[in-house]
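Full structure from sequences and hints, please.
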Amino acid sequence: MAAEKMALAKAINESLRTALDADPKVLIMGEDVGKLGGVFRVTDGLQKDFGEDRVIDTPLAESGIVGTAIGLALRGYRPVVEIQFDGFVFPAYDQIVTQLAKMHARALGKIKLPVVIRIPYGGGIGAVEHHSESPEALFAHVAGLKVVSPSNASDAYWMMQQAIQSDDPVIFFEPKRRYWDKGEVTTDAIPGPLHKAVVAREGSDLTLAAYGPMVKVCLEAAAAAQEEGKSIEVLDLRSMSPIDFDSVQASVEKTRRLVVVHEAPVFLGTGAEIAARITERCFYHLEAPVLRVGGYHAPYPPARLEEEYLPGLDRVLDAVDRSLAY
Amino acid sequence: MTVESTAARKPRRSAGTTAAKSGADTTGTKSAASKRTSAAGKKSPGVPGAPGASGPGPELVQLLTPEGERVKDATYDPYVADITPEELRGLYRDMVLTRRFDAEATSLQRQGELGLWASLLGQEAAQIGSGRATREDDYVFPTYREHGVAWCRGVDPTNLLGMFRGVNNGGWDPNSNNFHLYTIVIGSQTLHATGYAMGIAKDGADSAVIAYFGDGASSQGDVAESFTFSAVYNAPVVFFCQNNQWAISEPTEKQTRVPLYQRAQGYGFPGVRVDGNDVLACLAVTKWALERARRGEGPTLVEAYTYRMGAHTTSDDPTKYRADEEREAWEAKDPILRLRTYLEASNHADEGFFAELEAESEALGKRVREVVRAMPDPDHFAIFENVYADGHALVDEERAQFAAYQASFADEGEGK
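Residue numbers (our numbering), protein chains in the order written: chain A, 1 to 326; chain B, 1001 to 1416.
Since the hints were derived computationally from the structure, they do not count as laboratory data. Here the structure is a predicted model, which means the values were calculated and not measured. Honestly, I wouldn't trust all of these hints.
As the list claims (entries may be wrong) - DSS-like mimics (lysine-lysine), calculated; alpha carbons at most 30 Å apart, straight line:
hint	chain 1	residue 1	chain 2	residue 2
1	B	Lys1202	A	Lys48
2	B	Lys1072	A	Lys110
3	A	Lys254	A	Lys216
4	A	Lys25	A	Lys35
5	B	Lys1202	A	Lys25
6	A	Lys102	B	Lys1202
7	A	Lys182	A	Lys196
8	B	Lys1202	A	Lys112
9	A	Lys196	A	Lys110
10	A	Lys230	A	Lys196
11	A	Lys182	A	Lys35
12	A	Lys230	A	Lys216
13	B	Lys1202	A	Lys35
14	A	Lys182	A	Lys112
Quick look at the structure:
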């Protein structure tokens, strides 16, 4: 297979299929991942082709899913587990933070924990409570975990390949409202490193840094700003742990202005970390303070209010204007 | 406080007498512990018809009474039928040396050489019996008190002390002896054990897994989830619960209203309560459970009914929450004394054996002391070691910053 246009969810499905094919130690585990193919059908057809022993429907117990995946990894398997929705990861948070993240270091490097935890995350699909959260900062804060999120089908395919091949635990946040967005996936191209940020759109007046679901919004904002004669660069961070600060720095040294955009609450979030680091690194290059656009310090609101909560085109452009006004 | 070490160094030969004085009987049903339970039961009756949650009850599997007498058990005798006098002496040796090691570690904590210690005093039979039941290719997932099991697995006991001294957070390669790192978050390891066992089943191997936890951990959701997963996937895992009666200051009544071993029934696998101070019974029951697992018959819950004679850890003060009489009653059931009585009565061991063991015990204590005191503080850069297997840009950056900061002190030193 060379280049093919496919939806982001399908790209992940293809990536999992490739991994299952290539390595008998790769397992898929989660609630409803088998016969149903996952509530978003990301694992559709995999159990049919690889059997119940490789694509495992689990009891409805998130801590159990992650805890047993740790045991399977210790036995030499490479489990890829699905947490059905973002807000349901918290029953497993203890296993992820106190066990999965630390075991490699505790064993002085003698054991490896190649576990991928897939989490469909973020809002914009009109879901009920606990189905639209963006808890990536909670995971990025924990040493021992790697945290990534693709924004498009091609990255979804390749980043999943790389996450599965990693000997470290990877929290793989899937932008659920982009599951149905189609993009070109080239399955025989050589991908860049998993944690490298990429310039999604070149520009010279200001950098918008985003990841996952917000990259598309930022690209739309940059296109709108173009009509007003503003040249906006869009950086797709792709990884929240580690963060590719070198790429952010390079972009900011060029544009001298930075706005970080994410769905998660702004307070103590990924944007805060980027603002602090970039202020340290680029103090004399910056023409304006680093601004952040994101969620509020409030529970994710009911669906009828999520458009107000989520950063949209106007809120991003407003931040762009504020930055350019300095 | 090193009351513990006295018993280890000089096993009292008057075990039978002590037991008789304290009124302990062969089943243990009239012990002080069960009286306590009965009193609690009056206040709040448990399940009708079910044995009390904390009393040992007639269902307790026992092969060796507190007086050191061998008793018959049709189900479990076959698992120790071919045990040789040499193996019996070996079990005794294991228990004595483990107790000696434990006493030394307790002393070292009191001397400021260890930050903390979780003593296994009183639980030697549960650990040695079950530990010796495992095969080399089995995998053990301990909590943080399984010093006796580690001993059986061939882990150098001094390796266990690193995390308590504060020089590492684990400190051994789990795959060297198929003995996983100590797990401090209560019950987490039961899931790791279950997952590992699921892997064994997938591999088509006939190894088994044993997961250790306590009565307190039985209240944790992870333990319940591990029961669910292991039953659903028929995983070859033995859950070995050492019910030592106390979860820090909370008695078993605060964890359960039914005997812990009975929980297994609700998950669809067998549960057995064994006298945790009877090394032979622990060996036999664990062998039985491991063989079930190997045959593909799935998980088993073994509740070893025992007693933590010391504190929960050296930070704890059991005098604040339990009576001296309770400990005294359990001392009469001491696992080491009862095996010694049996060895002597059956002429399986002579004075020479005990004297040699005494000397070996002292030598172990000395070695532990010396090794702990000689443990170097870790290299400063160990902070950044093994955080990730594949590396991480932030760790690299912070390591470099740390190095520069450290180097700045070196420069100052040179200037002086």
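The hints, checked one at a time:
1. Lys1202(B) with Lys48(A): At roughly 18 Å apart (the allowed maximum being 30 Å), Lys48(A) and Lys1202(B) satisfy the hint.
2. Lys1072(B) with Lys110(A): Violated, because 45 Å separates the two Cα atoms, which is more than 30 Å.
3. Lys254(A) with Lys216(A): Cα-Cα ~22 Å, so holds.
4. Lys25(A) with Lys35(A): 21 Å, holds
5. Lys1202(B) with Lys25(A): Given pair Lys1202(B), Lys25(A) holds - Cα atoms ~10 Å apart, limit 30 Å.
6. Lys102(A) with Lys1202(B): Since the Cα atoms of Lys102(A) and Lys1202(B) sit roughly 26 Å apart, the hinted pair holds (cutoff 30 Å).
7. Lys182(A) with Lys196(A): Holds - the C-alpha atoms of Lys196(A) and Lys182(A) are around 22 Å apart, at most 30 Å.
8. Lys1202(B) with Lys112(A): 19 Å, holds
9. Lys196(A) with Lys110(A): 27 Å, holds
10. Lys230(A) with Lys196(A): With Cα atoms ~26 Å apart, Lys230(A) and Lys196(A) stay inside 30 Å; holds.
11. Lys182(A) with Lys35(A): Holds. Lys182(A) to Lys35(A) sits at ~25 Å (cutoff 30 Å).
12. Lys230(A) with Lys216(A): 18 Å, holds
13. Lys1202(B) with Lys35(A): Within the cut-off at roughly 20 Å; holds.
14. Lys182(A) with Lys112(A): Not OK: Lys182(A) and Lys112(A) at ~35 Å, beyond 30 Å, violated.
Checked against the numbered hints above, the structure violates hints 2 and 14; every other hint is satisfied.
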